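*Asks:* Just so you know, the protein sequences line up as chains A and B, in that order. Each residue of the first sequence is one higher than the last, beginning at 1 in my numbering. Each residue of the second sequence is one higher than the last, beginning at 1 in my numbering.
Since the hints were derived computationally from the structure, they do not count as laboratory data. None of these values were measured; they are calculated from a predicted model. A couple of the hints might just be wrong.
[What the hints assert, rightly or not] Below, computed lysine to aspartate or glutamate pairings styled on DMTMM-like, alpha-carbon distance capped at 20 Å:
hint, chain 1, residue 1, chain 2, residue 2
1, B, Lys297, A, Asp87
2, B, Lys97, B, Glu72
3, A, Lys124, A, Glu175
4, A, Lys115, A, Glu131
5, A, Lys3, A, Glu29
6, A, Lys89, B, Glu201
7, B, Lys92, B, Glu72
8, B, Lys297, A, Glu71
9, A, Lys46, B, Glu201
10, A, Lys3, A, Glu26
11, A, Lys132, A, Asp113
12, A, Lys124, A, Asp98
13, A, Lys155, A, Glu29
14, A, Lys46, A, Asp16
15, A, Lys132, B, Glu201
16, B, Lys297, A, Glu73
17, A, Lys124, A, Glu171
18, A, Lys132, A, Asp98
[Stated by the list, open to error] Taking CB as the label site, the calculated pair distances span:
hint, chain 1, residue 1, chain 2, residue 2, range
19, A, Ser22, B, Pro18, 55 to 65 Å
20, A, Asn65, B, Ile30, 50 to 60 Å
21, B, Val262, A, Thr95, 51 to 61 Å
22, B, Pro18, A, Asp5, 52 to 62 Å
23, B, Gly213, A, Thr95, 16 to 26 Å
24, A, Arg94, B, Phe19, 16 to 26 Å
25, A, Asp5, B, Arg16, 47 to 57 Å
26, B, Pro18, A, Asp113, 31 to 41 Å
27, A, Arg68, B, Val290, 18 to 28 Å
We treat Cβ as the ideally placed atom computed from N, Cα and C, and that holds for glycine.
Letter by letter, the chains look like this.
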Amino acid sequence: MIKFDHVSKGYAEVSDALVNVSFTIEKGEMAFLTGHSGAGKSTLLKLIALVETVSRGQVFLDGQNLNRVSEQEIPFIRRKMGLIFQDYKLLNDRTVADNIALPLLIAGYNHQDIKRRVRAVLDKVGLVGKEKSYPLSLSGGEQQRVGIARAVVNKPSLILADEPTGNLDPELSIEVMRLFKQFRQVGVTVFVATHDLSQVVESGCRQLILDQGRLVSG
Amino acid sequence: MVHLQALLFSLGQQLRTPFSSVLTIAVLSISIALSGLFYLLVKNVTHLTGQLETSNQITLFLGQHVSEQDGERLQRQLEKHRNIQATRLITKAEGLKEFESYSGFGDALKALNSNPLPMVVQVFPRLSLTTQQQLQQLLDELKVIPVVSVAKLDMQWVQRLKAIIVLIERGVLVLASILAFAVIFITGNTIRLELQNRQQEVVIAKLVGATNGFIARPFLYSGFWYGFLAGIFAWLMITGLMKLLQPPIEHLTRLYLGYQEVIFLSVMNSVILLAVSSLLGVVGAWGVLVTQLNRLKPE
Chain A
1 MIKFDHVSKG YAEVSDALVN VSFTIEKGEM AFLTGHSGAG KSTLLKLIAL VETVSRGQVF
61 LDGQNLNRVS EQEIPFIRRK MGLIFQDYKL LNDRTVADNI ALPLLIAGYN HQDIKRRVRA
121 VLDKVGLVGK EKSYPLSLSG GEQQRVGIAR AVVNKPSLIL ADEPTGNLDP ELSIEVMRLF
181 KQFRQVGVTV FVATHDLSQV VESGCRQLIL DQGRLVSG
Chain B
1 MVHLQALLFS LGQQLRTPFS SVLTIAVLSI SIALSGLFYL LVKNVTHLTG QLETSNQITL
61 FLGQHVSEQD GERLQRQLEK HRNIQATRLI TKAEGLKEFE SYSGFGDALK ALNSNPLPMV
121 VQVFPRLSLT TQQQLQQLLD ELKVIPVVSV AKLDMQWVQR LKAIIVLIER GVLVLASILA
181 FAVIFITGNT IRLELQNRQQ EVVIAKLVGA TNGFIARPFL YSGFWYGFLA GIFAWLMITG
241 LMKLLQPPIE HLTRLYLGYQ EVIFLSVMNS VILLAVSSLL GVVGAWGVLV TQLNRLKPE
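Construct all of the structure, not just a fragment, from the sequences and the given hints.
*Replies:* Structural data, given as structure tokens:
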């Protein structure tokens with residue numbers, strides 16, 4: 001599903017954010033990416049999400065070389081993945097339902113389908129009854145569940161999460177992790193960047209460790 | 001369906017920020033109304049001069065010693081001319097009377113021993129004679145009649161007026177073009193600010209797979225609404241101003257030409273006004289989106 005082949009990434013200000021990183025994540029696998037803050041976790045995820053481009057090496061997604069993707073193709077590749085962020089990145093002037101419906105609206109689903117899918121995913125993340133609320137009136141855990149709902153509503157084959165539990169207390173974090181495992185059970189590849197090692201150990205999933213841009217384990 | 005949704009949504013966005021929207025629309029509609037008013041001005045003046053054209057006439061001043069009988073004979077001859085519609089003989093006495101009543105210099109004339117005014121034959125060419133060349137030909141023909149001392153075609157001032165109108169028309173065209181650019185730039189700048197205010201939204205939409213086209217759509221509609229609403233307000237402004245100007249204009253034209261109707265924007269004009277102003281709004285928005293949208297990237 002994801003393949004990194006000798007990937008390096010350098011910024012002007014940080015000389016080497018990633019150094020010669022190679023790994024493969026299979027379809028349907030659930031893996032964690034850990035390391036200190038500044039170790040390059042976010043950079044690595046941004047390369048997969050086509051937010052950044054590599055300096056050297058190649059990134060493959062579903063067999064497609066992301067180095068050779070044109071600006072026009074990017075939106076269509078992003079529709080195959082669900083992105084989850086530490087700061088949720090919700091539209092605070094839209095209702096929960098509208099936030100979740102956004103990827104479907106973008107993909108051109110009809111009104112009926114959108115309604116049905118939004119209802120289904122609200123049920124899955126346990127937010128039934130909150131569809132008319134605005135994000136800022138919800139708790140952090142609820143907001144993150146809205147973010148997760150938005151990421152999975154389009155039934156992506158890959159979920160990328162960058163510190164999804166970074167702003168949540170332990171109980172809510174466990175709740176979020178439980179959701180991820182559910183998605184994995186239906187064949188979705190899940191790749192989570194986190195510094196919360198307890199979660200990783202508890203899950204028993206594969207762990208990739210970054211240290212100063214280098215992959216030291218995985 | 002999606003388009004309609006986006007169209008209504010963009011209108012909703014404008015209603016949410018009424019103050020800045022009203023300011024933008026006010027500036028836009030003033031620009032558009034100015035163009036429209038200038039256009040109507042030219043249209044009214046050309047309509048006026050169009051009527052002047054039909055009032056072409058040739059004045060024949062007869063020699064000082066030509067008798068009244070000779071004058072009448074000439075008039076009868078001219079009446080039979082194929083290019084002449086009508087004639088009117090003004091004898092010396094009639095001329096004097098007219099002069100007295102119109103000029104107010106009657107007393108001055110009384111001081112003279114004899115009537116200094118020549119006999120005059122007014123010649124009205126057939127309406128089929130429209131070009132300057134045809135009229136000049138007739139004039140040349142009449143000039144050489146022995147009893148005629150001077151023949152004058154009263155058209156020069158009409159031509160000067162027409163030349164001025166052509167100049168004004170050109171000027172209005174230039175001004176309207178400049179104002180059209182102003183509308184494009186004002187809309188563009190407004191859309192740019194909107195884009196800036198909704199940067200977060202644009203970035204999020206891009207992250208969940210929105211194409212530039214999808215993101216651009218509501219902004220394009222926003223540009224459309226600015227143009228369209230400005231067009232409506234411009235129309236109201238133009239029509240209101242013309243209503244205000246109508247009585248004095250009609251009074252003025254009545255004095256010079258008899259009754260004259262003031263021309264307002266026709267239905268066709270109004271449709272074009274709205275279409276053009278909407279289009280300018282869309283063009284302004286489009287210009288900004290093409291240059292700015294690719295720059296807005298997640299982080």
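*Asks:* Compare the structure with each hint and give your call.
*Replies:* How the hints compare with the structure:
no. : hint                              : verdict
1   : B:Lys297 with A:Asp87             : 17 Å, holds
2   : B:Lys97 with B:Glu72              : 19 Å, holds
3   : A:Lys124 with A:Glu175            : 12 Å, holds
4   : A:Lys115 with A:Glu131            : 11 Å, holds
5   : A:Lys3 with A:Glu29               : 13 Å, holds
6   : A:Lys89 with B:Glu201             : 9 Å, holds
7   : B:Lys92 with B:Glu72              : 13 Å, holds
8   : B:Lys297 with A:Glu71             : 11 Å, holds
9   : A:Lys46 with B:Glu201             : 19 Å, holds
10  : A:Lys3 with A:Glu26               : 9 Å, holds
11  : A:Lys132 with A:Asp113            : 18 Å, holds
12  : A:Lys124 with A:Asp98             : 17 Å, holds
13  : A:Lys155 with A:Glu29             : 16 Å, holds
14  : A:Lys46 with A:Asp16              : 15 Å, holds
15  : A:Lys132 with B:Glu201            : 19 Å, holds
16  : B:Lys297 with A:Glu73             : 15 Å, holds
17  : A:Lys124 with A:Glu171            : 18 Å, holds
18  : A:Lys132 with A:Asp98             : 9 Å, holds
19  : A:Ser22 with B:Pro18: 55 to 65 Å  : 57 Å, holds
20  : A:Asn65 with B:Ile30: 50 to 60 Å  : 55 Å, holds
21  : B:Val262 with A:Thr95: 51 to 61 Å : 54 Å, holds
22  : B:Pro18 with A:Asp5: 52 to 62 Å   : 55 Å, holds
23  : B:Gly213 with A:Thr95: 16 to 26 Å : 25 Å, holds
24  : A:Arg94 with B:Phe19: 16 to 26 Å  : 22 Å, holds
25  : A:Asp5 with B:Arg16: 47 to 57 Å   : 49 Å, holds
26  : B:Pro18 with A:Asp113: 31 to 41 Å : 35 Å, holds
27  : A:Arg68 with B:Val290: 18 to 28 Å : 25 Å, holds
Hint violations for this structure: none, all hints satisfied.
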